[in-house]
Each structure stands twice: as structure tokens, then as C-alpha cells.
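Number of protein chains: 2
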Amino acid sequence: MSNWTIRTEKYEKKRIAENGNRFLIGNGYMGIRGTLEEHTKAYLPAVNLAGIYDKVGDKWREPLNAPNGLKTWVCVDGQYFGLPETEPSEHVQTLDFRRAVHSRETTWRTPKGKITIQSLRFCSMENLHLLAMEWCVWADFEASVDIYSGIDADVWDINGPHYAKLDLNEMNGVLCATGYTSEGQAVSTAEGIRLQFEAHSDVLISEQEIVRKISFSAEPDRKYTIQKTAAVYTSKDTADYRKKAISEVEAALEYSFEESLAAHEKAWEKIWASSTVTIQGDEKAEHAVNYSLYHLNSIAPRHADNLSVSARGLSGQTYKGAVFWDTELFVLDFFLNTNPKVARSLVQYRIETLPGALDKAREYGCDGAFYAWESQEGGFDACTDFNVVDVFTGRPMRTHFRDKQYHISAAVVYGIVEYYNRTGDMDILISGGFNVIIECAKFYYSLIYKKLDDVAYSLLDVVGPDEYHERVNNNGYTNRMAKFNFESAVWALSVLSEQQMAQAAKDEADCLIEKFKAAADSIFIAQPDENGIIEQFDGYMKLEDISVADLKKRLLDEKEYWGGAYGIASGTKIAKQADVVAWLSLFPNDFPKAVMKENYLYYMDRTEHGSSLSASMFAGVACRCGMPNSAYPLFMKSACVDLKGGGKQWAGLIYIGGTHPAAAGGAYKTLVYGFGGLHFDGETVTAKPNFPDNWERLRFRVWHQGKLYEVDETKQNTTIKLLSV
Amino acid sequence: MSNWTIRTEKYEKKRIAENGNRFLIGNGYMGIRGTLEEHTKAYLPAVNLAGIYDKVGDKWREPLNAPNGLKTWVCVDGQYFGLPETEPSEHVQTLDFRRAVHSRETTWRTPKGKITIQSLRFCSMENLHLLAMEWCVWADFEASVDIYSGIDADVWDINGPHYAKLDLNEMNGVLCATGYTSEGQAVSTAEGIRLQFEAHSDVLISEQEIVRKISFSAEPDRKYTIQKTAAVYTSKDTADYRKKAISEVEAALEYSFEESLAAHEKAWEKIWASSTVTIQGDEKAEHAVNYSLYHLNSIAPRHADNLSVSARGLSGQTYKGAVFWDTELFVLDFFLNTNPKVARSLVQYRIETLPGALDKAREYGCDGAFYAWESQEGGFDACTDFNVVDVFTGRPMRTHFRDKQYHISAAVVYGIVEYYNRTGDMDILISGGFNVIIECAKFYYSLIYKKLDDVAYSLLDVVGPDEYHERVNNNGYTNRMAKFNFESAVWALSVLSEQQMAQAAKDEADCLIEKFKAAADSIFIAQPDENGIIEQFDGYMKLEDISVADLKKRLLDEKEYWGGAYGIASGTKIAKQADVVAWLSLFPNDFPKAVMKENYLYYMDRTEHGSSLSASMFAGVACRCGMPNSAYPLFMKSACVDLKGGGKQWAGLIYIGGTHPAAAGGAYKTLVYGFGGLHFDGETVTAKPNFPDNWERLRFRVWHQGKLYEVDETKQNTTIKLLSV
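Line order of the protein sequences matches chains A and B. Using my numbering, you'd call the opening residue of the first sequence number 1 and step up by one each time. Using my numbering, you'd call the opening residue of the second sequence number 1 and step up by one each time.
Do not take every clue at face value.
Put simply, identical chains are the same to the list, so a pair is met inside one copy or across any two.
Computed cross-link-like contacts, EDC-like style, restricted to lysine to aspartate or glutamate with a CA-CA straight-line distance of at most 20 Å [claimed, not checked]:
id, residue 1, residue 2
1, K707, E514
2, K341, D425
3, K515, D557
4, K451, E363
5, K14, E85
6, K451, E12
7, K553, D390
8, K688, D454
It is worth saying that the hints were derived from the structure and are not from the lab.
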């Protein structure tokens, strides 16, 4: 691929939040929003941390942002130069997503002459606690310059402030800011610099900031460069978080910036070796997909073996930094194919959070495991009963995401089964995976209702992925996933029975097997009607049939929520995302291709795509129906969500902006399975091109059953080569 | 009772709508709102008709108001004198509710002298199609007077206009206005007058009005009187509605006004003979109760044997003139006790509307009979899915009154069983009553769900009488009523089996008996918790506990709806009316008195009494618990709802004002069963005084098993005397 960058040459204040997402750098431990070094929290800068959360009062629990060790700004002849306050004459912001390096260059023309600042930063993929930046300033006139550089602990929070107490101090030239949360966690950011020139330096400590003031007289046209290194450690990493952050900075300062950068680039090179995608004939798609994969690679947990990824990655605190079904349904496959170790971590996260899921089921009077809709550590469900704010009254609205989106448990099971199918890793099943599968099946079993004179088993009062229709009966997707769960549990119990089990346990297992078999057979599975259409849930067909465009005309407020009891979509057939299409995308063999196509067409006209997950599910089904050209715009929509800075920004009055890993993962799935026709059957890897018209060649690598393959497809030829690793 | 009148001596424009209800006269065929003769539709006059409805476009279907044959106004020396346009110096409006006669007298002082108009009107209880009025004017100066009197066909409608076509004409001095509705019904009002003085008379016909202009020179202090007679017939009464209305007026004009009035008074005397209540020691209560009974007597259907009463009586079109559960739960007993023929009509109405209930059950995919929540003729359910308007958006809100208030069918059954218990009328059971009971049981049976590992039968996703909590599971009242229905159906089937039934039918009956027995045994009936409290529905105890006063503070708009998915009450324990108390009021032997009392106290603190039905249920339970003094204010609240012009006026943006027959009936039930301790056991009538402190003696008459009794109670003595009739 020739162009591995994204770049903006215009400075627009209104795009600061969006650029914070687009120009993000990260390494799975932390994500650094693509804001500028001088930005205060008004412009949403963040060093967003994975897997550490805090809750203040009765606000929502959310992940922590570390004190910002990159904070740097400049005054020239006593005047502040920075964005957005000082209008620049030129400004370029660039992300090299092959190297995962962020840079900016900004120039101001003043009556005295030109002033330029430049920076280059990365979030080390070699040492996951490290951030590094080279920052320089120059003027084409003689000037008195003050550079301020240090740590800003006045971090941006949505539901903060989280640091009830702050320690700011300096030791041997290393600055350190430690924040202590109300939940008793701590986050330390240490920072050190190398000065490449003579200057007078003071340390200034204010209430929430510790910075060096570096003062000097600048010669015209001479570059003055500082090299900054910051390290972040939390109390989740080590009890010595503060010491560790400082010593890490001290150690890093032993190396040159160039050396650290090289190590970082080498780590990324290795990542790209298994994850780059080549698309000949469509540079735009190639660029968009690899940019999407950059984001997935940037949030993959590598510092732990039991962490997952959150719905907005490491781009901030929206969606509470929580893990959703997005992981299993959209993101997991990318890691299964390119980095099975990360995939294992995603699965292991679910296994280790089973206790939370057991507790949640108890809370609702159910058996088994009801996984968190918005899962934080320990499986704690961060989702509240009031997840949307009513734009008309300003009141929180009672939503049923937490208590009725039962499909989450089956999604977890789906992920575990997929992981096993692709890796053959029986250990993870024996050591907990089977247990999750069985507990989730128990959960669904305890939810089932049956009418007295009926044979069918029903799941009542649920919310499917199409959240616009709350509290429906027999949601097609949910029922199908529950059936899958029952079948998986029968398998799990059979395998376990074959192991050396005590007779009592075996008897209990046999009893469960019988129940789950009956449930898998009896659970209501909607069948195509005379037109081949599968009803999304009981009564869906009686709802008002209206186009999305006409429905939109009913909006009284552009931010109003479409779902809930009275949303504009609730009484209509318009879905946020189409649950029947989601079902068919996961179980394409349930119905003949013709039925799949009818449903694709029917629900396409009735889907708002209010979720960034929607388009890729449609795209996958379109490919299955032999319509890659129909799939293409949907695929590009998914692949470009973050590139274009799109996606839905609001749910009622709640800001939901950020990056979209699930859209990225969904685009990837469409690419390899849909257009590439990638298929696994036992040990075998096959692929059958199903290209959009303009594509000539598709190349990517996949791991399967512990082996790495290179898939190389043209319209005429497919080669699948086993690589030695 | 010494005072059988209500009276207002003040004229307040803002009370016009309220006085229209308070000063209502009616005879079951029609209700004449207590507005003034000169009122145009802006002041809500109405000749509201029973049992005839119309629907315009997609507006709500509602009962018709007949063209107003009482319309009369006056001009003196060319100037209009009428209310509210011309401010009066004196004004008195009176209702004599013993005689059911409405009168008014209004005086204006002008620079030329005093002008007075006076009227007296009644809605004949002897001839139910007739209205009569004596109207006069005088001045204490010489004046040129024009009286305009005729028929105003520009009627007040909430969801009209209903008359797509109007015929206005005069024949032999009788005016006639016939309106033709969009549904093809017709309503004729004819009018004739007797002039007691010499005058010039012209008939003026405009688009929606036909009036006489009666012009004369008035001598000072001489009364000029017109006697008006109007008759109303509809196409539901006869195909010759027009002719019949005219001939009725012609026939009535043969008699003097005084003669017609005497016949009317005699009919009312007979009604009061069995329905008057005497309370010694509490004139206020005596007055309020008899006034309430006046309203019930005014709306009792006597012109048909298969009509019921509507929730707002004949006071207008609010609640669509529809029959609610109010009839069986609150109104029926008054008629059982005082006029069993009317009671039979109420029950027969339900039997004859079974086809509508069967259709409605089919509509929702259920077996059996699902009675209309808002029942019009044929059992048509006038209730829409959008019964409330959101004050914040102006949008209709999806309510679940129509589709989830399952308890209506059991209320119908309750009424039938009660009617049988009190009259011994097996004919009505054999000829249809049993069938209703069985079909309603089938309905509940088809609604039941069961969890796989549970024994209990559940009714899920229901709305109980407490409409503030929609879509709940196992509502205590609903489940208990369903159990009663199952038991009643077992009885019905057993009686039927004993009749000469074919073997096949008998076998089917036996099978149903078995199912219904199991259902009666297995349906979940909540039991008192450790504090003796019965949970209103699954999960009620987890709702926010808050006082009504504190909850009210959360209102953003005084008209906003408290219920629905997001109403201020929905997430709290605050009920519109307490379903557990409703349950205990109907089945007082289900639990020990102590439990009844605990629940009375618990739910009293958590009930808004947003329904005028609520207070009397609490009052009844308080009496059962031996707390008549606690019951007293609740009883008075029910008895005074219409007297004070109170009651809730709004549900969201929908006007729901009018008279409150259910509150009247509820007050009556509290009186005779609660304070009077009236009890029936087979053929036996017993009574045991349970008076509030200040009461000395209570006297009333009751019909039981075809016999009329006089019950006369003092604190010391009770006599029950069989009367010869």
C-alpha cells in the first residue's frame, strides 16, 4: 500500500473532537486522543486507560484518563501561541498508521515574522507504558521563548472528576503526577525530557499541573527541540506504580528518541506482518481497511491475558469503556485471524467475569449466567436502567438494555465456540469455557415460558440488537442464539461427561443434556412467511410500514431517541439494526439463499443503520447471496466510519462519539469472509473470491489451528500458502 | 331529607363546564347538561344520547349529542341579554334532584330598568323522549322584546362534527332538525311551543339552526311565558324517527306543561321510593349520597333491556360514552338493590356484546372472550392504542389500556355472578350468561404462561386497574380475578353438564372443567410477605418508595401523564389506584383482617387516587377492618365528586371531565355494605351497623331475590322489614 497516512491541512475548531478520534494512537494499554499538545480539557485530550474504572457519586462508572504527560505549549515574546486560541496561517496534522506515529506542524505569521511548532509522538508498542514525543519550535526572527512542558492532571472526564486527590512532584528532573480515585485506585504519570539546547528551566507546580518552564533566547531559524518521555502505571499494574513510572522514564531517557521510535516501529512491523490487507484495484478500500485494522491493532490488549476491548476502543470514556457484544460478534474474528493470543485474552476475559454474570442472573431471579450488557472488570455491568436522556424533559429514560438484552450471554458463548473452532484450544474450554457455555444455557432455560396448550418455548419481553423495539416476544435473533447456546451446552456437557466425571455429576449432566436438547428443539424459531420473510419478533408484521426518510420527518428534535416506548421508530417496522439479518449473518445455512436474499432486501428498506454494527451484517449477508456489488457500499460505510469521523454522535442527550472497533471488525469480516470467501472446515482453509467488480486481487494472512497462511486471490486464481513462523 | 336541591347564586364563567355536569338532568335515554338555554356550543351544552355512536375519519368514536331543542335567547330593545356575554346583576341556578327539575333565574339591571329571565326544565321520566321547559322574561319598563327559541343543531362535539347532513324544517308550527351521521344513523329533534301571550312569530332557518323569532311589546312587570316541548328520536329507536319526534311533540302539546311535569314527578317519586337513603346525624352525607343516587337514577337505561351505563354517564362525550369495568365493579350493586330490572339490562348488555369480545380475543390471538375496555354497542372497543397525549411533544402515546387490561373480562363475569346471586335469575345464565363465563375463562386460560421448572401459572405483561404501571407480570388483582373466573366457569360447566347435554358436549365440558380447575389451583396468587404486605405485581417491592407529595414535585407540567413507560409514577410504588385493595374489597375473606388492615395502610400511603374509583375501594376495606371513621372521609370524597365538581379533569392532554357514576356507586356500596353492614346469604338479608361516630340511624331499601326489604339501623337496633310490593 502506498499511502499509510491520514492528514488534515486545515484547522477547524469544530472538528477537534472528531480529530481526537481519527488521529488516535494507542497500544492496547492506553489510547492517546489525536488532540494537540497544548490542548486543555475543553478540547477532549485523553490518555485513556484500559481496564481501570471509577465511579463518582451516582454518575456512571467509566475508565480513567491518566494525567497527560504530553502537555506542552509555548510563549514567544510573552505571547501564547497555540490552537485553537491563536489562528494559524498553516497547520498540518498527520497520522502515519503504518508506524503509528502522530505529527503536527503549525505556523503563525506575526508582524515580527513566522513562528512554527512541530511535534512527533508515539505510544510505544515495544514498552506499553511509554509515550514519547519530539517537540520543537522555531521562529524566523530573534525572540524570547518560553516552552512549558510537563503533566496536566486536570484531565477531561465525562463523569468525573475521578481524582479525589493528586500528588504532583519532581525528583531528579523527572516530574510525576499521581491521581487517587474515589474507588481507591491510583494512576501515576511520570515525565522526563532531554533538552537539545541551553535554557533556563524552572518547575512550576499548580493545583492540577506540574510543568517545566524552559526559557531561552531563540536565534532566528534555529530549531529548538525537546524530547519528552512519559510513562504511565496504575495500581492495577503494580503496588509501586509511582516508582515504576519514574524509573521507566529514567530508563527510557538512557536511549535516544530515535532508538525508542525504532523499537516501536519494529513492534508495529511485526503486527502488520500478519494483519496487512492488500486489495489491488481499489486503493481507497485498501486504505480504509488498513486504517480500520490500525485502530483494532491499537486497542488489542497485549499487557494482560484476560482483557477485552471496549465499544469505543481507547478513544475516551463514552460507552463507559465497557465491553459489549461487539467484541464477540464483530471484533473477535480479526484477532482470531491475525493474533490468536489477543483473541484468547478476549475470551479469557469472559471466562474470568463469569462470577459477575452469575450475580447478574441472580439479581433478576434467573439461573445461570447473564452477562453484563456493558461489562467492566469482574463482569460488573456498568449499564444503568436509565441509559438515554429524554430530550423533551431532560429526564433519564428507563431503558431495557441492561435487563432485557438477553442475547449477550449467547454472544459470549458464540465467541468461545468460535475461538475453540479456530484454535482447537481445549484447555480454555476445560478450564472455564465449558462452564460459561453451560451456565449461559441454564440462564436461557430459566427464562423460557410455555403456553399451557402450546409446544413452543418462548423468550418473552426481550430487547434484541434492534434496540428501537423494546420488550418484544420471541425476537428472532435472540431465540436463534439461545438455540445455539443450548446446542453448544449439550456438546459441552457431552465432552465433559466423557472426561472422568463422578457419577453424581454425570447424572446431573445427563439431566441437563436432556433439558437443553428439549429446549433446542422446542424454542420458537420463526419461519419464512409466504413471501419468504422472517418476522423479527411476534407482531412485527402488524407495525406501521414506513420508509426511514418519511419516519425522519416526524422528528421534533434531531437528538431525540428513536426507540423506547414512544420513540418515532417504536410503533413502526423501522429497525436500528435488523435482527433477522444479524441471525442470517451468523447462521447462513438456516435457510435457502433465496430466503436470505428476500430478507436482506426486505429489512434493508426498514433499517435505519442507527448502529455502526448494522452495515457490515447486511454486507456479509449480501455477499452470501452472491451480491458483492450490493455489499460494497455497506462494506465501505463500515470501513470508513472512523476515517470520515462519522457514526452516530448522540443517543438522546448522551454523547456516544469515539472510534468504532466493531465497524472496523465488521468491515474486516466482510472483506475476508464475504469478498474473500474465506472458509474454515476443520483443519482446512479455503477461499473463493467473490469480488466487487473493480477488485483484481486480494491478499491477507490468517492464523488457523496454530498455523499461519497467506491467502492470495485473484478473480481467476486462489492460492493458500502455509507460512513458516 | 329536608334539602333536595343544589344551587348556585354566583355566575362564574370558568365554572360553566363544571356546572354542566353538576346541574345535569337525564332519564337514561338522554342527559341534558346543566348549561343555560342561550348557550352556544362554546359552553358545552349537550343533549347527550345513550347507546348511539359515530366516528368521523380517524378521530375517536363517541356518542351523539342531539340537536338542542331547548335553545332560547332574548333581545330587549334590540340588545342581547344572555350569559356569559352580558354580566348579570343576579343569577341563580338550581337543581331540585328529588323532582329532577332544573331552573334558573337571571336579572340584569340596565339604565332603563330591570330585565329578568326565568326557566324551569325537565327531561321527562314518564316519556323518555321528551324534554319540556317553561321559559319567561319580564322587564320593569316598557320594552320591545324578541325571543328566539328553537333548535340548535350546531352541537358541541369532542370528535365531531358528526352530522354530515342536516335537515331543518317546520311543519304546522313544529320545528324539526334531523342530523345524519357519517355512519348512517339519524337523530331528529322536534320542538313545539305554547305561547301564553300575543306576539308576532317568524321562523328563521340558518345553516345549523332553526328558531322562531317571537316579537312583542312588553308591558312593565308582566311575565311573558313560553312553554317548550321537544322530543328526540333516533334511527336506533325507529325508522320513522322524524315523524315520531314531530308527532310526540304534537301529542305533548295537548297537555299543559304542569300536567307533563306532574307525570314526570310521579315517575321520579316511584324511583325514590326504593332508592332514597336516610342518614340521621349527618345531613351532609345524606345530601351528598342522595345527590349521587340522583345521578345514577338519571342515567339508568329504562328504554331498553340490553343497555349499560357509561363511565361519564350522560354528561357528554368524554370517555367516548363507553361502558367500562366501572359498571360491574361500582354501579351494578346500586341497581341490584334498588331496581333489578335495570341491573338485568346492564348484565344483558354484556351477554349480547359477547360477539365483540370473541372478536377482540381473536384479534390478539387468544381464545375465548376479551371484553372491550371501552365498550360501545355490539361490544366494539372504542379504546385506541393511543389513549393519552404526551404534553411535551403533543404526540399520541402508545397506551396499553385496550390490549393489556385483561381484568375487564373477569369483571364482566363478576357482574353476571353477582346478578345471579342476588336475583336467582337462572334464565339469564342459561340464555347466555354461562356462555360468557366460560368464554372469559377460556380467554384467561389461553393467556397463561408457565416456566418450565415452575408449577405456578402466570399472567404476563398486563395492565391492572393501577394503570400507572403498564406491562407488569402477575398483577395481584388480575390474577385473583382470573382465578375467580376459572372457579365460576367450573361451576357454570357443572350446572350445564347437569342439564340435558349431549354426551359429546359433556365430554368437552369435562375436559374444560379439568383445565379450569387446574388453572384455578395453579394461577399465581401473591401471599403476604413477612410484614403482611401483598406485592401488587412481580417486582413492585423493588420500585422506588416515595410519597405522593414528593412525587408531585417532579412534575414538569401539571397535565403530564403519571403512567406509561416514563411517567413520574412508573418507576415508583405510587399507584393510581391500589390493585391489592381492589382485590381485598372484592374478596375480603382471602386473608385475615390483620393482613387486610396492613395492606390498607401500606397502599394508602402509596396511592394517588388518580381514579375516582379508588377512594371507595379503600373505604370499603377500611369498613371491613372495623375502621368506619377512617373510611368516612374516603366515602365522602366519593359521594361528593360530582357535587363539588371535582375529579381528575385531564389524562395527558385529553379532557376527561364529566359526572362520575362509579364514584357515586362506590359511595353507595360503602354506605350500605360498609357502614350498614348489609349482607346477603342465600335468601337471607342481614345488616350490622358499623357507623362513623356521628351517625345515629341509617335507613334504605333493598331488593333481594325478588323481594323488597326496608333496612333500618341504629347503633342499638337493626330491623329488616319485608315490604309488600
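Now for the hints, and whether the structure bears them out:
1. Proximity of K707 to E514 under the C-alpha cut-off of 20 Å is found in neither arrangement, the shortest distances being 37 Å within a copy and 64 Å between copies.
2. Taking the closest pair of Cα atoms, K341 and D425 come within 20 Å of each other only inside a single copy of the chain (11 Å); across copies the shortest separation is 81 Å, beyond that limit.
3. In this homomeric assembly, K515 and D557 never come within 20 Å of each other (Cα to Cα): the closest approach is 49 Å inside a single copy and 52 Å across copies.
4. For the homomeric pair K451 and E363, the shortest alpha-carbon distance between copies (18 Å) is at most 20 Å, but the shortest distance inside one copy (25 Å) is not.
5. Taking the shortest alpha-carbon separations for K14 and E85, only the intra-copy value of 13 Å comes in at or below 20 Å, while the best inter-copy value is 60 Å.
6. In the homo-oligomer, the alpha carbons of K451 and E12 never lie at most 20 Å apart, since the shortest distance is 60 Å inside one protomer and 59 Å across protomers.
7. Taking the shortest alpha-carbon separations for K553 and D390, both the intra-copy value of 19 Å and the inter-copy value of 18 Å come in at or below 20 Å.
8. For a Cα distance limit of 20 Å, the shortest separation of K688 from D454 qualifies neither inside one copy, at 44 Å, nor across copies, at 50 Å.
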